[in-house]
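Undergrad: The residues making up each chain are set out below.
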Amino acid sequence: MLLNRRDVLKLFGAGAASLALPHGARAAAAPRLVIVGGGIGGAALAKYMRILNRDIHITVIEPNPRFIFCPGSNEVLNDEVSIDDLTVTYDTLRHRYGAEVIQERAVEIDYAGHHVLTSGGRRVPYDWLAVSPGPQFIYEAVEGYSEALAQGDFPHAWKAGPQTLRLKKLYQSMRPGGVVVISAPPMPYRCPPAPYERASFMAAWLKRHNPTAKILILDSKPDFIFQANYEDYWRDKFGYGTDHAMIEWVGSHEGGTVRQLDPAAHTVITADGERIRADVINIIPPEKAGRFAFDTGLTLGRDWVPVNPYDFRSRKDPNVFVLGDAAEADPMVKTGYVASNQAKWIAQIIHGEMTGRDPGNPLWTNNCVAMAGDDYGMTVTDTYRYHGGKIVTQETLIANPSHNPHLNALRASIARNWQRSFRRDIFE
Amino acid sequence: MKKTLTGLMICVLCLPAGHAGETTPSIREWTPAAWYETMRLKPAGDATRGARLAKVGYCYTCHGDQGVAPSRNAPSLAAQNETYLYKTLLDFRSRLWWADHKDDGMHALARTFTKQDLADLAAYYATRKLPTIRKVKKGDVHTEKLVRFGDPSRLVTSCAACHGAHGEGGVNEVPRIEGQSYLYLKRQLTLFKEGRRHNDVGAGMRFVTEALSEDELDRLARYYANGQK
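Protein chains in written order, with my numbering: chain A, 223 to 650; chain B, 62 to 290.
Hints in this document: simulated from the structure, not taken from any laboratory. There may be inaccurate statements among the hints.
[Said to hold, decoys possible] Derived lysine-lysine pairs resembling DSSO-like cross-links, with alpha carbons at most 27 Å apart:
1. B:Lys247 <-> B:Lys199
2. B:Lys176 <-> B:Lys196
3. A:Lys459 <-> B:Lys247
4. B:Lys199 <-> A:Lys459
5. B:Lys206 <-> B:Lys176
6. A:Lys429 <-> A:Lys390
Every value quoted in this text rests on a predicted model; they were computed, and no experiment measured them.
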């Protein structure tokens with residue numbers, strides 16, 4: 223039996239029927255939210271905005287027809303998941319949450335006229351604009367490195383996709399006893415424990431297939447999150463700290479910062495001037511706010527976009543919200559989970575403005591997981607509050623290093639569970 | 062020869078594809094011979110040691126202190142058949158019992174224990190006491206019939222034949238089912254019927270549940286849950 227519009231109205235009420243209709247059929251006067259960027263922040267905002275408010279018109283401007291989830295993509299490197307498993311489309315946003323998705327690149331904001339201009343020449347009008355462009359990489363921070371090299375034989379693989387597969391191929395086809403160099407960036411960057419998780423996963427694979435290979439982590443920081451946990455695990459599994467260590471870590475205090483890449487010689491040059499030749503070089507460059515934020519003047523001369531810490535309205539224009547990695551929201555870390563929490567809060571701010579309801583005091587959460595192996599997981603939870611005109615950390619709960627193998631394994635299964643349920647939260 | 066080869070290849074193609082993103086290595090199902098050998102070689106369990114393992118293994122977070130589950134999310138283990146507990150842990154460890162992500166936690170944990178540990182845990186939980194559950198209303202006539210007599214017309218053995226007159230468990234690995242939560246029993250029966258749980262020796266439970274309707278399974282789950290939601 224086919225339902226016509228009248229049947230739908232009878233069954234579910236007017237709200238459901240209007241949701242099922244294309245945007246043009248809805249009231250022309252509906253307020254408009256335009257979201258630039260369909261990553262975790264943008265998609266979460268579109269979904270939760272719709273859950274809160276059925277009348278608002280939501281438009282997402284995102285050039286890619288698919289999104290590849292970054293959390294969980296290190297697992298591609300040791301064959302645990304495939305890129306396909308991490309790939310989602312915008313169909314759910316379109317059909318379940320009634321958002322219009324324009325598959326073009328946003329290029330400009332007309333602040334005075336309340337329009338976003340797209341690469342296809344469209345002028346998209348907005349009442350509120352939310353910008354969630356993610357980060358971009360500062361290739362020039364490492365002399366000799368470039369976007370072209372990253373797309374070739376020196377992938378950073380810090381955005382899940384072809385580079386992830388390239389990196390996997392490179393390190394898995396290395397000569398016996400080959401060396402992988404991972405250059406870890408300075409803070410702040412997306413997903414702080416990921417370089418060390420990456421090294422651990424690679425080591426697990428190499429231990430089985432290329433047991434004399436080595437992974438050298440050259441770090442631009444003196445320490446890193448979950449350091450004690452990782453070092454425990456590495457000692458246990460990869461001889462960390464011995465002469466036969468499969469993983470070595472050199473912090474910035476020992477001259478670990480990578481300053482230069484000599485691609486022809488497959489060599490990196492550190493702050494100490496040491497030249498290190500490696501078979502696979504994985505430079506994770508430092509980051510700053512995405513290009514769109516710079517092109518539209520939102521960054522106001524800084525590396526990240528300054529925002530009002532209460533409601534994430536940009537300092538440049540109060541009708542423009544900025545969320546996710548691009549926003550300067552210290553002390554919040556740059557994770558997808560934080561981006562999704564900012565999105566849920568911004569949805570409440572906009573809903574409050576539409577209905578006159580006070581959204582109250584925000585509670586933001588960062589729930590983050592990492593793994594060292596399939597038998598060793600870690601979790602961290604931070605909660606943030608708005609207090610005294612700024613964002614403050616309320617509480618941090620972190621998985622302390624444990625020698626209880628049962629607990630470590632349980633944490634790994636929690637980490638896996640987190641990945642699945644988080645993906646579903648944002649894209650289902 | 063050529064024919065055989067083609068046949069083999071077709072068979073390989075027929076194998077059910079695993080869940081997207083889940084690597085499901087093919088694990089051999091229990092044959093009666095393999096299971097009897099495993100039972101024969103089962104280490105003797107030490108309940109005192111098991112108590113300690115249940116603590117460091119965080120078993121109590123889901124299965125409750127003393128093995129009485131505090132929620133419907135996990136089964137109670139108190140007074141469960143020791144051999145069944147041992148076998149279940151082995152099956153989680155080998156991933157033979159892996160119906161969906163809800164079993165990830167058990168898989169991850171069971172892998173961290175030795176066979177001796179598993180036997181000790183089984184001994185510990187088997188010797189815990191299950192609180193007395195007030196008897197509630199009996200099932201309807203049809204359900205009672207299935208429980209006591211089965212249904213010979215569909216080759217369905219009665220539940221009581223293996224699980225005991227009151228569902229208290231039987232010989233070998235046959236578990237106690239009385240007093241588990243309705244939700245848990247219903248899920249297990251459904252998983253058997255769909256073949257997603259396939260760690261039953263000789264496919265016994267799968268054979269029975271396949272013949273029964275969803276409604277019958279639902280009533281049986283309620284019957285044995287005895288008022289436990």
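Undergrad: Against this structure, judge whether each hint is valid.
TA: Do the hints match the structure? See the list:
no.: 1; hint: B:Lys247 <-> B:Lys199; result: 17 Å, holds
no.: 2; hint: B:Lys176 <-> B:Lys196; result: 37 Å, violated
no.: 3; hint: A:Lys459 <-> B:Lys247; result: 42 Å, violated
no.: 4; hint: B:Lys199 <-> A:Lys459; result: 56 Å, violated
no.: 5; hint: B:Lys206 <-> B:Lys176; result: 40 Å, violated
no.: 6; hint: A:Lys429 <-> A:Lys390; result: 15 Å, holds
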